[in-house]
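A.B. asks: If you want the building blocks of each chain, they are given just below.
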Amino acid sequence: GENVGLHLPTLSVQEGDNSIINCAYSNSASDYFIWYKQESGKGPQFIIDIRSNMDKRQGQRVTVLLNKTVKHLSLQIAATQPGDSAVYFCASSTGANSKLTFGKGITLSVRP
Amino acid sequence: KAGVTQTPRYLIKTRGQQVTLSCSPISGHRSVSWYQQTPGQGLQFLFEYFSETQRNKGNFPGRFSGRQFSNSRSEMNVSTLELGDSALYLCASSLSAQTYGYTFGSGTRLTVV
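Line by line, the protein sequences are chains A and B. If you want our numbering, it's the position in the first sequence, counting the first as 1, plus 323. If you want our numbering, it's the position in the second sequence, counting the first as 1, plus 29.
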C-alpha cells in the first residue's frame, strides 16, 4: 500500500528563521500533494498543494517543492513566526481516488 | 460562510456500546470524507460519500459504517466499541468527489472506557 512519511518527529526553529519540513512518499502514482497544519483542538488546515505536473509552488511565506524522481516533498516556511507552531502533515492522493494518505506528522516549535 | 461542523465535540462511551457522529459540510459541498486520528496511527481514511453513495472505503472493520443524507450531511456509526476506537474523528468536505479543496472540521473526540 501507499506510504507517506515524515523524516523527523519534531523541529525546533528560532523565530524569524526559515523552516524546512520534509516528507517522503512511496506511491509513484500519486499526483496530488497537500500540506496541512493542525493546531491543538482543531482539524487540519490546508496550507498549500501541488500537482505532479509541477515541481514548485509558492504561497504566502510558504513554498512546496516536489521531487518526483526521489518521491520527496518539502514545505518551506519563510520567516517562521510563533503562530506557525503546530503539527504539520503531508498528504497525497491519486486523481482517480479521493482518499488522502497522510504522513505521521511533525511538530514545529518556534523559539522566541 | 460556515465551515464544516462536527457534533458532538466530545464523547465518552463504554466498551460494547455504539456511537453516532455527525458532520455538516460546507454549504454546496457534496463530498464528505471521514478520517480517524490517533497518536499511533496518525490520520487514516475511513470512507467517503458523494451524493448519498459511498464511493471509497478504508481498511476498517465492518463495525465502522456511515451514510450521507440528501442535504449532504453525513453520519458515521461505530458499533460494539473497543478501547482502541478512542480517537479524534475528523470529517472533511469538498465540492466534488476529489480531494481538491478539502476542508476539515474540528473533529469529535471519542473516548472509550
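Where hints are given, some of them may not hold.
[As the list claims (entries may be wrong)] Derived Cβ-Cβ restraints for the label pairs, each shown as a range:
1. A/GLN368 - B/SER125: 12 to 22 Å
2. A/ASN341 - B/SER135: 44 to 54 Å
3. B/TYR39 - A/ALA352: 30 to 40 Å
4. B/PRO68 - A/GLY406: 21 to 31 Å
5. A/ARG384 - B/LEU124: 23 to 33 Å
6. A/GLN368 - B/ARG84: 23 to 33 Å
[Said to hold, decoys possible] If you want the ones that stay clear, here's a sample from chain B, every Cβ over 10 Å from chain A, calculated:
7. ALA31
8. LYS42
9. ILE55
10. SER56
11. GLY57
12. HIS58
13. GLU77
14. SER80
15. SER108
16. THR109
17. LEU110
18. SER123
19. LEU139
The hints are simulated quantities; they were obtained by calculation from the structure and are not laboratory data. Model, not experiment: these values are computed from the prediction. Note that beta-carbon positions come from the ideal geometry of N, C-alpha and C, so glycine has one too.
A.B. asks: Look at each hint and say if it fits the structure.
C.D. replies: Here is how each hint holds up against the structure:
no. : hint                            : result
1   : A/GLN368 - B/SER125: 12 to 22 Å : holds, 20 Å
2   : A/ASN341 - B/SER135: 44 to 54 Å : violated, 30 Å
3   : B/TYR39 - A/ALA352: 30 to 40 Å  : holds, 38 Å
4   : B/PRO68 - A/GLY406: 21 to 31 Å  : holds, 24 Å
5   : A/ARG384 - B/LEU124: 23 to 33 Å : holds, 27 Å
6   : A/GLN368 - B/ARG84: 23 to 33 Å  : holds, 24 Å
7   : ALA31                           : holds, 14 Å
8   : LYS42                           : holds, 20 Å
9   : ILE55                           : holds, 13 Å
10  : SER56                           : holds, 18 Å
11  : GLY57                           : holds, 17 Å
12  : HIS58                           : holds, 13 Å
13  : GLU77                           : violated, 5 Å
14  : SER80                           : holds, 13 Å
15  : SER108                          : holds, 23 Å
16  : THR109                          : holds, 25 Å
17  : LEU110                          : holds, 22 Å
18  : SER123                          : violated, 8 Å
19  : LEU139                          : holds, 15 Å
Comparing the model with each numbered hint stated earlier shows that hints 2, 13, 18 do not hold.
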